[in-house]
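Residue numbers (my numbering), protein chains in the order written: chain A, 1 to 265; chain B, 1 to 265.
Note that these hints are calculated values from the structure, not bench results.
Model, not experiment: these values are computed from the prediction.
Identical chains share a label here; the pair holds if one copy fits it or two copies do between them.
Derived DSS-like pairs (lysine-lysine); straight-line CA-CA distance at most 25 Å:
no.: 1; residue 1: Lys261; residue 2: Lys188
no.: 2; residue 1: Lys183; residue 2: Lys153
no.: 3; residue 1: Lys261; residue 2: Lys191
no.: 4; residue 1: Lys261; residue 2: Lys183
no.: 5; residue 1: Lys101; residue 2: Lys78
no.: 6; residue 1: Lys188; residue 2: Lys153
no.: 7; residue 1: Lys191; residue 2: Lys153
2 protein chains.
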Amino acid sequence: MESMQHDMTTGGNRRPLILITNDDGIDAPGIHELVACVASMGDVVAVAPDGACSGQSSAISVNKVLTVTEHADYMGAKMYSVSGTPVDCVKLAMHALLDRKPDLILSGINHGSNSGNNVIYSGTMGAVLEGCMVGVPSIGYSYHSHNQQCDLKACRPIVDMITRRVLESGLPSDICLNVNIPKGESCKGIKVTRAARGYWTEEYADYADPHGRPFYWLTGSFHNEEPDNPETDLYWTDRGYASVVPVRPDQSAVDSIGDIKSILD
Amino acid sequence: MESMQHDMTTGGNRRPLILITNDDGIDAPGIHELVACVASMGDVVAVAPDGACSGQSSAISVNKVLTVTEHADYMGAKMYSVSGTPVDCVKLAMHALLDRKPDLILSGINHGSNSGNNVIYSGTMGAVLEGCMVGVPSIGYSYHSHNQQCDLKACRPIVDMITRRVLESGLPSDICLNVNIPKGESCKGIKVTRAARGYWTEEYADYADPHGRPFYWLTGSFHNEEPDNPETDLYWTDRGYASVVPVRPDQSAVDSIGDIKSILD
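One chain only, chain A, in its complex shape (with noise of 0.2 Å):
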């Protein structure tokens, strides 16, 4: 506890501190790639969820207790399990297993696509989110394969790139970034645009179970509403670049507040 206070107040030339998560679990390939490609940058901390989180947004467990589970060491980086959501994951982690603030918050590498409009549902970018929120620069990495067996290697240079710029420099204190990568050996370059616009078609598989009553299960594909689009994620990453997105959490829309008021008045 002492040096942990000791911690907490001094600053000096010490190696930054990266907290890493994710929203595919503790044991995915892709945090482990994501630890890998940053061990160099400083001493960095993993803290993720003890299970598949795809799909938990900004969710947070607020009637369950939470418990943290330590594992071995991987690449330096400290290595924690939580028995909760990546938002979860990052509140705990900051609030019990840190010994000071973050100077950055890495979320992924995902497997799977968190572009357009339905990146509202990534539990990988709700860590982010939350990061930004408690003012830690925050970034969110994809790769656009479902397969855990693939091989992220091709994330490398990007990651690399974006991460340290992003150390350098910092980020506007209320924007983090959602950075997509497309699937393949390479990718062309960066691209920083807004996220596509688009929604979902055919959402469930529909089934009966043995006594005859109705059960769902959401699948579905996503309609890109805009893909001839320069100014959208999913033109650059369907066109081999990796896109990053500039993310407010905020979602209030102070630019419609006049419209809203002439309905309501």
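Given chain A's structure and the hints, the job is docking chain B onto it.
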């Protein structure tokens, strides 16, 4: 099935179809009060989680089956529960339970505040954001008392007025509303505003299990960073007004693309 096809393709003089959900579950007093408020305005169908889902944000169930249970009608409204999150309820209602696209989606009345930037964790607002993303005018209602036995009738004039206006005029296509109603017998009026910035302090209660191992329970209090700013929702709810915040699901910070380009170049 034939009547569904018929209903899906004809317009005409039908009463508006209003879908109601919440995050406190199908048995919460708040959803019954909301049904009562709007029962005269259209055909009402309530589809809510089968248990409490506070803090579920925009979470979706990706790796479990969903089942639906029909409950007794309430004030002429069909009532269903779903074994999932608030967003699951909206998606599954539109897939399997409604005979046509709803004219309005309402969520609430939530037992407790969804003000300030902690609205990001709200399951109430997760459902509203989902409604907006599928192109339906959507409103979340929250009452500033966690007491499930409190008298919610103070909400009626606010819910009545805002719901009627939005039924008449619609909402901008990418905007939904977050309405918060202060505790008390009546409120002084409404203010269209933005979410206050703040953060949580002392977020966990710490415990030790019988074997000495730590565990944690989420708690803490919200610290409003701008309590004296009349541009914010909490300023007005603290002073007895209902707040209406226009909310945009797309979190892309288009105005920051230039800043991020200069950091990454």
